[in-house]
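Assemble the whole structure, with the sequences as input and the hints as a guide.
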Amino acid sequence: MSKQTILGRVAQLAKANINSLLDQAEDPQKMLDQLIRDYTNNISEAEQAVATTIGNLRLLEQDHREDVAAAAEWGGKALAASRKADELRAAGQAADADRFDNLAKVALGRQLQSEKEAAVAEPTIAAQTEVVDRLKAGLDSMKDKLGELQAKRDELVARAKTAQAQNTMLDAVKSIDVLDPTSELSRFEDKVRREEARAMGRQELAASSLDAQFESLDDLGRQSEVEARLAALKSGGA
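This note's numbering puts the sequence shown at residues 225 to 462.
Hints in this document: simulated from the structure, not taken from any laboratory. Small disclaimer: the values here were computed from a predicted structure and weren't measured. Where is the CB? At the ideal position from N, CA and C, for every residue including glycine. Careful: at least some of the hints might be erroneous.
Think about it this way: if two alpha-carbon atoms lie no more than 27 angstroms apart in a straight line, the pair counts; the simulated DSSO-like pairs of lysine-lysine are [as the list claims (entries may be wrong)]:
(1) K360 to K376
(2) K329 to K301
(3) K329 to K308
(4) K376 to K301
(5) K254 to K340
(6) K340 to K329
(7) K254 to K329
(8) K340 to K301
(9) K415 to K254
(10) K369 to K385
Distance ranges between label pairs, derived from CB positions [stated by the list, open to error]:
(11) R417 to K254: 56 to 66 angstroms
(12) E297 to S268: 39 to 49 angstroms
(13) K254 to A343: 50 to 60 angstroms
(14) K385 to R289: 51 to 61 angstroms
(15) R453 to S433: 29 to 39 angstroms
(16) E297 to A361: 57 to 67 angstroms
(17) V330 to R282: 25 to 35 angstroms
(18) S268 to A343: 34 to 44 angstroms
(19) E271 to M393: 38 to 48 angstroms
(20) T353 to T264: 24 to 34 angstroms
Structure representation (structure tokens):
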């Protein structure tokens, strides 16, 4: 996977608008589960690619340090050879002096080569460092986005469970309303009241019947008194 491809995927995923995606989803929870899987897989792949990029950068940096150190070392050798040549020449040993001057030239050539290699590597190292920094920032954004996705999913699941519990409760209340136990109580109360009214009616009927019997007794008493008085009149008249 090329660095440009990695950067593109990291940038695209890090900029994803979760709320917008949720608004367009038929099943938000299923979509979030899929996004979490995609993000997790992409983060894993990107981490491996970034690790490789960082490894290559560290190798370049190590080579650069070695080139800089080599340039310094060859410079020191060139200086030492040149001084030795000067000593030998001062001592009248021209042939040996020339040999050490040639060694100094070889060392200077090696120094120049090392400095050139170090200079060539520096722009590449700078560019690679920028890429690594951007990749690290992109990965951090992706991980933050993954955390946001997981939080959204947990929130959505909790809301779904709450809604389900509310609907269950409402269904139970609705079934109670349909059965309406208060209406059963009302019917039972009406039945009790009818029984009470019937008892009251029977009591009243019984009372009226008893009154009628006493009234007939009173009638008999009056009739007897009338007969007695009639008899008294007759006997008095005789």
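Do the hints match the structure? See the list:
1. Note on K360 and K376: the hinted pairing holds, with a Cα-Cα distance of about 24 angstroms set against a maximum of 27 angstroms.
2. Between K329 and K301 the CA atoms are separated by roughly 10 angstroms; this keeps the pair inside 27 angstroms, and the hint holds.
3. Distance restraint check for K329 and K308: the Cα-Cα separation of roughly 13 angstroms lies within the 27 angstroms cut-off, and the hinted pair is therefore satisfied.
4. In summary, the hint linking K376 to K301 is not supported, as the alpha carbons are separated by about 66 angstroms, beyond the 27 angstroms threshold.
5. Pair hint K254 plus K340 does not hold up; C-alpha atoms about 57 angstroms apart against a cutoff of 27 angstroms.
6. The straight-line distance between the Cα atoms of K340 and K329 is roughly 16 angstroms, inside the 27 angstroms bound, and the hint therefore holds.
7. With a C-alpha separation of about 73 angstroms, the suggested pair K254 and K329 falls outside the 27 angstroms cut-off, and the hint is violated.
8. Taken as a hint, the K340 and K301 pair is honoured in the structure, with Cα atoms around 18 angstroms apart against an allowance of 27 angstroms.
9. With a C-alpha separation of about 57 angstroms, the suggested pair K415 and K254 falls outside the 27 angstroms cut-off, and the hint is violated.
10. Straight-line distance between C-alpha atoms of K369 and K385 comes to about 24 angstroms, which keeps the hinted pair within the 27 angstroms bound.
11. Roughly 59 angstroms separates the CB atoms of R417 and K254, a value that falls within the hinted 56 to 66 angstroms.
12. Range check, E297 to S268: Cβ separation about 43 angstroms, and the 39 to 49 angstroms hint holds.
13. Distance hint check: the CB atoms of K254 and A343 are about 56 angstroms apart, consistent with the given range 50 to 60 angstroms.
14. In this structure, K385 and R289 meet the distance hint of 51 to 61 angstroms, their C-beta atoms being roughly 58 angstroms apart.
15. Distance hint check: the CB atoms of R453 and S433 are about 31 angstroms apart, consistent with the given range 29 to 39 angstroms.
16. Under the hint 57 to 67 angstroms, the C-beta atoms of E297 and A361, about 38 angstroms apart, miss the expected range.
17. At roughly 31 angstroms, the beta-carbon separation of V330 and R282 lies within the given 25 to 35 angstroms, and the hint holds.
18. A C-beta distance of roughly 38 angstroms is found between S268 and A343, which places it inside the suggested range of 34 to 44 angstroms.
19. Between E271 and M393 the C-beta distance comes to about 46 angstroms, which sits within the given range of 38 to 48 angstroms.
20. Our hint of 24 to 34 angstroms for T353 and T264 holds, since their Cβ atoms are close to 28 angstroms apart.
The structure is inconsistent with the numbered hints 4, 5, 7, 9 and 16, although it conforms to all the rest.
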